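K.L.:
So you can see what is in the structure, the chains are spelled out below.
There are 2 protein chains.
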Amino acid sequence: MIPRVALPWRNGLRLRVPSGSRGCCRSAHNTLRNDDGRPIVISPPLVSLDIPDDWAPCPAHSCFSSPISSSNEQTATVIDGKFIADEIKTRIGSEVRRMKEGIGMVPGLAVIVVGYRRDSQTYVRNKMMACAEVGIKSMVAQLPEDCTKDQLLGALSSFDGDPSVHGILVQLPLPQHLDEGKVLDVLRPEKDVDGFHPLNMGNLAMRGREPLFIPCTPKGCIEMLLRSGVEIAGRKATVIGRSNIVGLPTSLLLQRHHATVSIVHAFTKNPELITCEADIVVTAAGVPNLVRGNWLKPGAVVIDVGTNPVEDPSSEHGYRLTGDVCYEEAVRVASAITPVPGGVGPMTIAMLLSNTLDSAKRVYAFT
Amino acid sequence: MIPRVALPWRNGLRLRVPSGSRGCCRSAHNTLRNDDGRPIVISPPLVSLDIPDDWAPCPAHSCFSSPISSSNEQTATVIDGKFIADEIKTRIGSEVRRMKEGIGMVPGLAVIVVGYRRDSQTYVRNKMMACAEVGIKSMVAQLPEDCTKDQLLGALSSFDGDPSVHGILVQLPLPQHLDEGKVLDVLRPEKDVDGFHPLNMGNLAMRGREPLFIPCTPKGCIEMLLRSGVEIAGRKATVIGRSNIVGLPTSLLLQRHHATVSIVHAFTKNPELITCEADIVVTAAGVPNLVRGNWLKPGAVVIDVGTNPVEDPSSEHGYRLTGDVCYEEAVRVASAITPVPGGVGPMTIAMLLSNTLDSAKRVYAFT
Chain W
1 MIPRVALPWR NGLRLRVPSG SRGCCRSAHN TLRNDDGRPI VISPPLVSLD
51 IPDDWAPCPA HSCFSSPISS SNEQTATVID GKFIADEIKT RIGSEVRRMK
101 EGIGMVPGLA VIVVGYRRDS QTYVRNKMMA CAEVGIKSMV AQLPEDCTKD
151 QLLGALSSFD GDPSVHGILV QLPLPQHLDE GKVLDVLRPE KDVDGFHPLN
201 MGNLAMRGRE PLFIPCTPKG CIEMLLRSGV EIAGRKATVI GRSNIVGLPT
251 SLLLQRHHAT VSIVHAFTKN PELITCEADI VVTAAGVPNL VRGNWLKPGA
301 VVIDVGTNPV EDPSSEHGYR LTGDVCYEEA VRVASAITPV PGGVGPMTIA
351 MLLSNTLDSA KRVYAFT
Chain D
1 MIPRVALPWR NGLRLRVPSG SRGCCRSAHN TLRNDDGRPI VISPPLVSLD
51 IPDDWAPCPA HSCFSSPISS SNEQTATVID GKFIADEIKT RIGSEVRRMK
101 EGIGMVPGLA VIVVGYRRDS QTYVRNKMMA CAEVGIKSMV AQLPEDCTKD
151 QLLGALSSFD GDPSVHGILV QLPLPQHLDE GKVLDVLRPE KDVDGFHPLN
201 MGNLAMRGRE PLFIPCTPKG CIEMLLRSGV EIAGRKATVI GRSNIVGLPT
251 SLLLQRHHAT VSIVHAFTKN PELITCEADI VVTAAGVPNL VRGNWLKPGA
301 VVIDVGTNPV EDPSSEHGYR LTGDVCYEEA VRVASAITPV PGGVGPMTIA
351 MLLSNTLDSA KRVYAFT
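Here the protein sequences come in this chain order: W and D.
Note that UniProt numbering gives residue 294 to position 294 of the first sequence, counting from 1, and the numbers run on in steps of one.
Note that UniProt numbering gives residue 17 to position 17 of the second sequence, counting from 1, and the numbers run on in steps of one.
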C-alpha cells in the first residue's frame, strides 16, 4: 500500500526562476504565496506572469568558428527567400489581374502607422511597394506619435467600414501609451491579415480548425520549408523565442504540420542542448549571433527570423542587419539555412500579399 | 562568396510521415504537390493535415519493472488530487455562501448531454453532485442520441439567455453527426467554463492576454504542481498528447508559467527520449501504460491525465481505470506522481466549479 501524502500547499508556493537560467535576466515572481482566503485557487492571473524575454546579449557581434565546424567548408544550401518570394508575388500578381478582369475588383490593404520609428517607416514603405508590384490597392493612415486611442480606433473603424479594404494591419510596435492588445481586439478577424487576433490565433492552435489568416512570418517560414522539400511531419523542431508575432504562431503551425516541437525562451536553461537535437530550427529571439555553430545538429535546417541591426562602420548607414544565427559557423553545420537579409524578410511580405488576396477572394467569393 | 541555390520547389513537395514514426499509423498526406496555377501558395489548409493521433497500443496492459528501477522501493510522493480538490471545493463552498448572503445569488452551471454514453453519463453525474456539494445551482439538458444540430443549438441558446446560468458546457464527445467545432463556436466565450472556445484558447496562448476561462484539466494540473511546491519556471516540461481539450492547453499554460515545453504526439519518433529529459511530465495520450519507468528522468514530477478503462475480471464492473503511466514502475523513478484514479480527475471537477464561480463573480461584479 502506497502512502498518500497531503502536500504542504499551505506553506507558501514559490514560482522561482532559476538563477542559472541562461539569458534570463529577472525573476518571474518573487514569491507566489497561497492566500488563506480568496482567491479560491492560487494560480495567479496569467498576465501577472508575463515578463519580457530579456536574453543575455551575446559577447561576439561577429562570431568565429565553433568547435563543431573544424573545416571551413560550407555544407548548407542557402534557402533563397527572395527568389521564392518573387515566385509567389508573380503568381499573386497574375491572380490579382484575373480578379480585376473577372469581376472588376482588386484586393485592398490598409496600414495604420503611429509615429515615425525609422524601422516601422521602412517596413511600411516596403509593404506599399510590394502591393504596387502585384496590383493590390494600398493605403496608409499615418498618425502622430502622441495620437490618442480614439484617433487610432477611428482610423481602424473607417478602414473597417470600407468595402474596398480587405486587410488592415496596425504596424507594431505601438507607442507605450497605446495598448496593442486592446487595439488588435477591435480589428475584426475578417480583416486581420496579420493573423494576430486571438480568435485567429486560437483557430491556428486548435486541430480541426482553420484560422482566417495565419501570421505572415510563421507562414513564410513554413512556406520556405515546404518549397525546399523539407520534411516536417515527425521531425524534431525547436523554435527559439515565443513572441505572439513569430515564436508562438510558428510553434503552433509546425505542430499542425506534425513536427515534434520544443519552444526555447529566455527562461530556458542550456538552450543549446535542446536546439542541437532539432532537425529544424526556427530562431526569432532578436539576439545577434545567439545561435552558434555548436548549437546545431549537423544537417539541421535553419530558418533565421532575426533581423538585428549591428554597428558596421564599413556599411553605408553605419550598421548592417544580422540574424540570430552565427551564419559563418552555421553554414558549415546545417544542411540548409536562410540568409539575413534575403531569407525570411521577403517571405513575410509575400505572405501579407497572399493573405490580402485570400481575404478579397473570400469577400467576393472569387475562386 | 556563398553560392545561392534556388531550391527546386517546382518538383513537387512531399509532406512525408516517417514510416518509423512511433505510434504513427498513417500518413498525413500522400503527396503535397505544387500546383502550377492556383493556389498561390502551396501550403495546404491546416484542417487537411488533421489526422487522429492513433498511438500504437502498448503490449502490456499491466506492466512490470523497467531496467531503470532495479529496486522495489517507492521514491515518489503521491500527489493526492482528491485531497487538494476537496480543499478547493471547501473554499468554493464558502465563497458561494458568501455570495448568497451578500447578494442573494448563487452561480449556475448548465450541462448539455447528447446521447447516453456510459462514461459521459458518469462524468455529468459527478459534475452535478459536485455542484450540489458547494451550493452551485446546476441543470442538465439531456438530448437524444439522434438530436438535430438545431435542437442542440436551441438548448444552448436557451441557457445562453438565462441570466441564472453563468457557465454552460457541452459534454464531449458529441455523436458523429454533430460538428463539435461549430457547436462550440456558438457558445459565448463569457459562459464557456470549459475554456474550449477558440477566443479563450487564443487568449490562453498569447502573452499579455487573459482568457475568461482556462480549460479545467490543464488548470487542475498546474494547480496540483503549484500546490505541491513544484517549480515550473525554467524547468523542462514534456506534454504527451496534443488534444484541444488537454494536451494543447496544458502546453500553452506551462509555457505561460515559463517552463520549456516539448509536445510529444503520435508522430513523434522515440518519444521516450524527449520524455526522459523532462523535469515535469504531463501525459494525456489515452494509452494505458504508454509511459514506462525508463521513459522518466529520475526525480521527475509526473501528472497522469489518462483515465483508460482496462479489463479486470477481479473488479466489480469487470474493468478498472488506469492511467497513461505504468504506475508501478514510475513510482520508483519519479519524485512525485498523481495516481489514477484520485489524481487529475477530482481536480478537473474542482476547476469547473471554480470557473463557474469566477463567471458568476464577474457577472455580478462580486469580489
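Because the hints were derived from the structure by calculation, they are not lab data.
Just so you know, these numbers come straight off a predicted model, no measurement behind them.
Fair warning: there could be bad hints in the mix.
[As the list claims (entries may be wrong)] Here are the simulated EDC-like pairs of lysine to aspartate or glutamate, each with C-alpha atoms no more than 20 Å apart in a straight line: (1) K269(D) x E231(W); (2) K137(D) x D279(W); (3) K269(D) x D160(W); (4) K182(W) x D160(W); (5) K297(D) x D160(W); (6) K269(W) x D279(D); (7) K182(D) x E210(D); (8) K269(W) x E277(D).
K.L.:
Against this structure, judge whether each hint is valid.
P.N.:
Hint by hint, here is what the structure shows:
1. Proximity of K269(D) to E231(W) is assessed by CA-CA distance (about 14 Å); at most 20 Å being required, the pair is judged to hold.
2. Distance check on the hinted pair: K137(D) and D279(W) sit about 52 Å apart at the alpha-carbon level, beyond 20 Å; violated.
3. Taking the CA atoms of K269(D) and D160(W), the gap is near 46 Å; set against the 20 Å cutoff, the hint is violated.
4. Using a Cα cut-off of 20 Å, the hinted pair K182(W) and D160(W) holds, with the two alpha carbons roughly 16 Å apart.
5. At roughly 53 Å between alpha-carbon atoms, K297(D) and D160(W) are farther apart than 20 Å, so this suggested pair is violated.
6. With a C-alpha separation of about 12 Å, the suggested pairing of K269(W) with D279(D) holds against the 20 Å cut-off.
7. Taking the CA atoms of K182(D) and E210(D), the gap is about 23 Å. The hint is violated against a cut of 20 Å.
8. Taken as a hint, the K269(W) and E277(D) pair is honoured in the structure, with Cα atoms around 12 Å apart against an allowance of 20 Å.
Checked against the numbered hints above, the structure breaks hints 2, 3, 5 and 7 and satisfies the rest.
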